[in-house]
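If you read the sequences in order, they're chains A and B.
Numbered according to the numbering used here, the first sequence terminates at residue 299, and the numbering increases by one at each position without gaps.
Numbered according to the numbering used here, the second sequence terminates at residue 527, and the numbering increases by one at each position without gaps.
Source of the hints: derived by calculation from the structure; they are not laboratory data.
Here the structure is a predicted model, which means the values were calculated and not measured.
Check each hint, because a few of them may be wrong.
[To be verified] Covered stretches of chain B (in silico footprint by chain A; criterion: 3 or more residues with CB under 8 Å from a CB of chain A, positions within the stretch not fixed):
#1 381 to 395
#2 419 to 427
[Unchecked claim] Simulated crosslink set (BS3-like; lysine-lysine; CA at most 25 Å straight-line):
#3 B:Lys414 with A:Lys11
#4 A:Lys207 with B:Lys496
#5 B:Lys520 with B:Lys496
#6 B:Lys411 with B:Lys520
#7 A:Lys11 with B:Lys411
#8 B:Lys414 with A:Lys2
A virtual CB, placed ideally from N, CA and C, is assigned to each residue, including glycine.
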Amino acid sequence: MKLKNLSYYVKEAATGIWRNRLMSLASVIVVVLTLLILGAFTLINLNIQAVTDEIKGQVEVVAYLEEEAETYEEVGRLREELRGLEGVQQVTFVSRDEALERLRERLGDKAGITEGLERNPLPASFEIRPQDPEHTAILAEAISQLEGIESVDYGQQLVEQLLAFSRSVELFSYTVIVFLGVISLFLIANTIKLTVYSRRRQIGIMKFVGATDWFIRWPFILEGIFLGLFGALFTYLLLLAGYGILYHRASAWLYQNFLSVQMVVPELAGRELLKFLFVTGAGIGAVGSAISLRRFLKV
Amino acid sequence: MILFSHVNYSYQKGTSALKDISFHISKGEFAFLVGASGAGKTSILKLIFRETVAGTGRVAVLGRDLTRMRRREVPYLRRQIGVVYQDFRLLPEKTVAENVAFALEVIEAGAKEVKRQVPRVLNLVGLGDKGERYPHQLSGGEQQRVALARALVNNPPLLICDEPTGNLDPDTSWQIISLLNQINLLGTTVLIATHDKDVVDRMNRRVIELQVGRLVRDDSKGVYSHEA
Chain A
1 MKLKNLSYYV
11 KEAATGIWRN
21 RLMSLASVIV
31 VVLTLLILGA
41 FTLINLNIQA
51 VTDEIKGQVE
61 VVAYLEEEAE
71 TYEEVGRLRE
81 ELRGLEGVQQ
91 VTFVSRDEAL
101 ERLRERLGDK
111 AGITEGLERN
121 PLPASFEIRP
131 QDPEHTAILA
141 EAISQLEGIE
151 SVDYGQQLVE
161 QLLAFSRSVE
171 LFSYTVIVFL
181 GVISLFLIAN
191 TIKLTVYSRR
201 RQIGIMKFVG
211 ATDWFIRWPF
221 ILEGIFLGLF
231 GALFTYLLLL
241 AGYGILYHRA
251 SAWLYQNFLS
261 VQMVVPELAG
271 RELLKFLFVT
281 GAGIGAVGSA
291 ISLRRFLKV
Chain B
300 MILFSHVNYS
310 YQKGTSALKD
320 ISFHISKGEF
330 AFLVGASGAG
340 KTSILKLIFR
350 ETVAGTGRVA
360 VLGRDLTRMR
370 RREVPYLRRQ
380 IGVVYQDFRL
390 LPEKTVAENV
400 AFALEVIEAG
410 AKEVKRQVPR
420 VLNLVGLGDK
430 GERYPHQLSG
440 GEQQRVALAR
450 ALVNNPPLLI
460 CDEPTGNLDP
470 DTSWQIISLL
480 NQINLLGTTV
490 LIATHDKDVV
500 DRMNRRVIEL
510 QVGRLVRDDS
520 KGVYSHEA
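Throw the hints in and build the complete structure from the sequences for me.
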């Protein structure tokens, strides 16, 4: 594209949008609908991502010691062995007394029931934080093989369910995004087709006076991009407002009542959305009009 | 300027539109292409304008072999050829001056060039004072003058006209043809496809006659038809 022609292309694209304003409005609305859903999924994904990251960060393997291993030397040896394992980030020893103390803390008012115990029934343990939560199962297996380890526990199901959930949400939203993307491509293509049709006389003249193919095409490509960008702008404002309201209503409640999960703050979510929506909007517009031109603009 | 050498052309396979056409039009000539509807006049214009490509034989225009021309070179060929159609093909939402300027703008001419050339051609076709009118405010003859101005604004060495007087009454037709004659005198080669007998006979210039796809006559000072 030659820069000196840009103002001509923009003027023509704007004229095209204005002249077919009803159809332009319709396609902007469709782009908004599509991007709203895409954007909503992006926000959901963003939050799920934050939650999984948070929980993944909390995942740890608890390795209980055999009673015979509770000597100073053995604990020292095991600590070194655990630290030597691949994928281990951090190793913390929890003695029997500490374990009992934690239990009492957690029981709070009812801590009294531990008073009657003749001896501390809790085993000593190591808490091992993996570098990569996805590899927790493999790490736990390796730890259970070590001499002096009675058993391991790593909230296996929680971790696996969480990872599976986040993967399936991702897969589902990608599927929906592709599906909706195709629909909006089709609708933009249709709008551009109408513009091409309403300008067939002008296009004919351009051809016989010797305009180049790309000179004829650019205004339509830009028109598609503008429609996509308008759609992105409206969607951005709507989603940002909606998410802001949701955040103020729901964030504190979620934090108190549901895990210790925090929503992504609107400023950060907005920044992510901005990039995503405008790139996607412009892309849908450009590709949509390219499809239309391939089929309907015989230059 | 225009050279046809044993050109055959068919719309689709089977239906032959042009059979073994050969002729040559030199720089500065004024020629009529005559014949009944369907005789192949429009096919010849389309070949010159490279809207279609000959099946066999050679078509050369302005020194370029069109049978071997690449697609992306076509716009540059067309900038050297002015065209005028029977139905004027003006943009109704643009003024006369804008219609003419449009032809320059879309071939990426500068604003200065547009400012200089548009009044020049409008004066040439006798519409110097009607630049701000819209096409629907003009008579048919005046609309064809606008189309002519648009065809000439880029100073093409060749002007081809497809039934330029087809929608006009005899008096107006004659005015347009006279204008084309004047333009020819200024050095532009002019080729006019027509079945307007009066005009052809009155001009008494070169006539190339087609009958069902064959070239049957090429007179240097001819009339529309010998039989008539």
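Hint check results:
1. 381 to 395: holds (count 3)
2. 419 to 427: violated (count 0)
3. B:Lys414 with A:Lys11: It holds: about 19 Å lies between the C-alpha atoms, which stays within 25 Å.
4. A:Lys207 with B:Lys496: Violated. Lysine 207 (chain A) to lysine 496 (chain B) sits at ~31 Å, over the 25 Å cutoff.
5. B:Lys520 with B:Lys496: Distance ~14 Å between lysine 520 (chain B) and lysine 496 (chain B) Cα, so the pair holds.
6. B:Lys411 with B:Lys520: 42 Å, violated
7. A:Lys11 with B:Lys411: 19 Å, holds
8. B:Lys414 with A:Lys2: Distance of about 21 Å is within 25 Å: holds.
In this structure, the hints that do not hold are numbers 2, 4 and 6, in rising order.
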